[in-house]
Amino acid sequence: MNKLLVSPSPHLHTKTSTKSLMRDVVIALLPAVVVSVLCYGWSELLVLGVSVASCVLLEYLITKYLLKGTCTIGDWSAVITGVLLALNLPASTPWWVVFIGAVVAIGVAKMTFGGLGQNLFNPAIVGRVFLLISFPTYMTDWTKPQGFIGNFDAYTGATPLGIAKEGGIAAIEGLDYMDMLFVNIGGSAGELSALALIAGFIYLLARRVIRPYITLSILATVAVFSGIFWAIDPMTYTDPVFNLLTGGMLLGSIFMATDYVTSPMSNWGGVVFGIGIGLITMLIRYFGAYPEGMSFAILIMNSVVPLLNKWFHAKKYGRA
Amino acid sequence: MMKTFSIGGIHPSDSKISKDCKIEVLPVPSKVFISVAQHLGAPATPVVKAGDQVKVGQIIAEPAGFISAYVHSSVSGTVKSVGPRKDLAGNNVTHIEIDVEGDEWAEGIDLTDTLVTEIPSDNKAILEKIKMNGVVGLGGATFPAHVKLCPPPGKKADCLILNGAECEPYLTSDYRIMLERSKEIVIGAAIMKQVLGGCPAVIGIEENKPEAIKAMSAAVAELGYPGISVMTLKKKYPQGGEKQLIDAVMGRQVKSMGLPIDVGAVVQNVATSLAVYEAVQKNMPLITNVLTVTGDCLPMDKQHNYKFRIGMPLSYVAEVAGGVPKEAAKIISGGPMMGKAIANLDATTVKGSSSLLYLTAEQTVRGVESACIRCGKCAEACPMGLEPFLLQKYARNNMMDELEENAVQDCIECGCCLYSCPANIPLLDIIRLAKGDVIRIIRGRGQK
Amino acid sequence: MTTTIIWTIAILTVLGALLAVVLYIVAEKFKVEEDPRIDEVEKVLPGANCGGCGQAGCRAFAQFCVESSPNLDKCFCPVGGNDGMQKVAAVLGVEVAAKEPQVAVVRCNGTCENRPRTNEYGGYQSCRVKATLYSGDTGCSFGCLGCGDCVAACQFGAISMDPATGLPVVDEEKCTACGACVKACPKNIIELRNKGRRNMRVFVSCVNKDKGAVARKACKAACIGCSKCAKVCPFEAITVENNVAYIDFTKCKLCKKCVAECPTGAIHAVNFPVVKPKPEAAPAPKPAEAPAAETVKKEE
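Residue numbers (our numbering), protein chains in the order written: chain R, 1 to 320; chain E, 321 to 768; chain U, 769 to 1068.
Honestly, the hints are just simulated from the structure, not real lab data.
Fair warning: this is a prediction, and the values are worked out from it, not measured in the lab.
In this text, a Cβ means the ideal position worked out from N, Cα and C, and glycines have one as well.
If a hint is listed, it holds; no wrong ones were tucked in.
Here are some of the chain E residues that sit facing chain U, going by a computed Cβ distance under 10 Å:
id, residue
1, D407
2, G410
3, N411
4, I750
In the SDA-like style, the derived pairs of lysine to any residue whose C-alpha atoms are separated by at most 20 Å in a straight line are:
id, chain 1, residue 1, chain 2, residue 2
5, R, K315, E, N726
6, E, K336, E, T552
7, R, K316, E, R572
8, U, K811, U, G849
9, R, K15, U, G890
10, U, K979, E, N411
Next up, chain R with everything else stripped away, as it sits in the complex (with noise of 0.2 Å):
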């Protein structure tokens, strides 16, 4: 007989792991990928590539080399920075582009706070913001590329909401509800089909790697407050609907608001990081610069968290 083995209780242990979570959230991607591949062709694989390749490219270097620690690229967290930085850049982004974005998200955003689990602020996120704060021609650039399927040209030039915030609510006025849901015109690769993106939140759901709590609050709240604005005013308020289909509302919802780093741990906490979520968007959406929030809103929340996690803890057994 072997040497028996000795440990404390318990001994057994649950099947999920890290890896299986994180690589969860890779598979509830894929919809939004194939869409925008299928549609934005040679130049979004291009994008998503290059951008998937430098985030595990650089985790490794830097857990290797420059923190000389174990390698963290198995647990597919790197990937998922990668696919979500490239979801959120339009597909004519330059690939050096990408690659710095790539940087700031991975070095910046992950490495420097200590890597996974230290992040304060959703590194995807980060290296989108950088993007569009330093070179904002490349990254409101929606000229079309040549897709593998359809062909939709009747809004090249820029997204929905860009032409709402343009020429005001009649800009948009000929713009099909139906075509959003399934796939979108203009825009960043990960916001052209909202049916996608809702079947890959639909898996995170029933696989239990996400609570549906963040994710409600937003959309709930972004409804609510559109839906007050839109009903006293509705030629100067874009509506509830066009608000929730629009700007990566639901990529950033689903993926980016509910990343376990960044968000707070407790269920009443996450309610109220939704909703600051959603208010902070669409304050940006209707008195902003900018045509979209979603990525200002996460960022700006993600650094209530700690605090959040400090006010809303879980309710203790015989501690009523």
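Got chain R sorted already, so can you dock chains E and U onto it with the hints?
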């Protein structure tokens, strides 16, 4: 709607492989080693010495304090020695070694199978019998039963809860006795209920044991004692935890550092109820119990539920059951969530032994610890509503005030946090130590 | 133009002066009266904040010294040692008696070879966790658990685990005898002993309280409590209690008679000059702890 406890909980795989194996009686070995520390509290003091002749059921060690219990000989024969021997954790504990000769029972023990349904009316005599026959809680903590059945002055029991949840995976001993000894369990419940002043008794059984629910309900209906009922509970671990069961059955929550009796609850395991029946109605001391020999690596014909006598070496039990499978990396006494890993198979069975569970390396070897990703799965799983990720961080930095503020002392060590952690952080290992430290601090403050 | 500059300078000057007055008033008002000697004492302390003196840190120790002055018998900073205490005494203008310098000694010789492993530990690598769980992964329930709590507790990097033996090794140069490792060890294996004349020490490297046969079965180098050492000791420095011998370092005269007498080699003599150096292995003048013990034993 089926009831369950309100906070947290996990759903590990059921794995009740041995549930259809009838209880078999283990033959008595040629030698037994009976530990004097088979219960929570002070180890008993041996009252026999080498060379003494003992009979089955004779007292061989007396309680050494209020929270302590009598220990009886499980065999007849000659005491060979009284001295230290390693228990299953490898620590030295006084054992009484007895060479088995024949099978002669002490007087006054009813060895017949007849069911005694008449309950004596003298509660004091009942408690005395429970105490003299060394009955302890068989749900895991082995707390002396008579102490729990005497509520402190000013406190009254509103409900006796019989724990038939058996929420730990693999274990089937409680399930088997609920099937095979259902009437005795019900009579035991009626006895304890009477001692507690006639409060209602509820037998809580998880939904995954429909046969047991049927058998127990039938026994309750047939015997017709008033105020005893069977409640079906939703399957969730740790349903069998005392505090969780009270929450599930009564909808009340025990205050931090409080006792179940504070909310009017007394919880006893179904096996304890059986032992109470044996002790009161048959004058039979607690020298036997049922244990499960199981594991995924055992073929069906080597899965067993055994009625054992205390003091049998575990290696002997394993041998009779067909030997230790070579795939077994870890052997556990008790359930896989809260049981103890056995360091030493020469240790012997005790009153509270409930299993020999063989786990393979693949099942039980922990993964390499990685960084906390703050997924909150531990907090979601914790049935006490604690935040293990936070507690382990404070514990690693020795932040005692923060630990106490965040209720580390409420931890019931159920293992849900460590079970559900995707980063393999040894949460419970660390929290358990901190809990001990904080409770010591709180107690120290109380004494000042 | 010039007026702007002049005005700016004037306003900033006035503002600066006003704020300085405010700061002064506040500082005076909220000043905490403290013995100035505390600062002076703190200056001569090592500043490691290790807690080896029994106080919360160096400042707390300085306060403690000032409070207990002129009698400094209860104050001892193990890091600064006697020199450090002389400085403290000089600051306070009092006398202090020199204390024998001490060093941490690991009293377990249950190397992988001497003490075979009987099971494998698979939990969190912490001696405290392991000790609360069970007796350990060897037959000996008193010996070193090998998870290195002492290594983690040492602030001076003086303890390291020897991967060959699985036991901690104390670097005598770095050890300040602060006692952190003594507190960290759940098995009470580490003891602070006087450094001894020219660092030479004789001690029982075992704390096993089991009866001889049991102890011997678990570990080849266990003290079996046979009392041979106690009988041979001419200075009555050795006592045997609970089946384990202990050498009182204040009485031991380093004659090493017990080392020769011990049947299991549980008594170690360290840092003794080698009597008959073998030609092939000329040892260094001050060999490290473990090898020295080995050589000495072999040759006697």
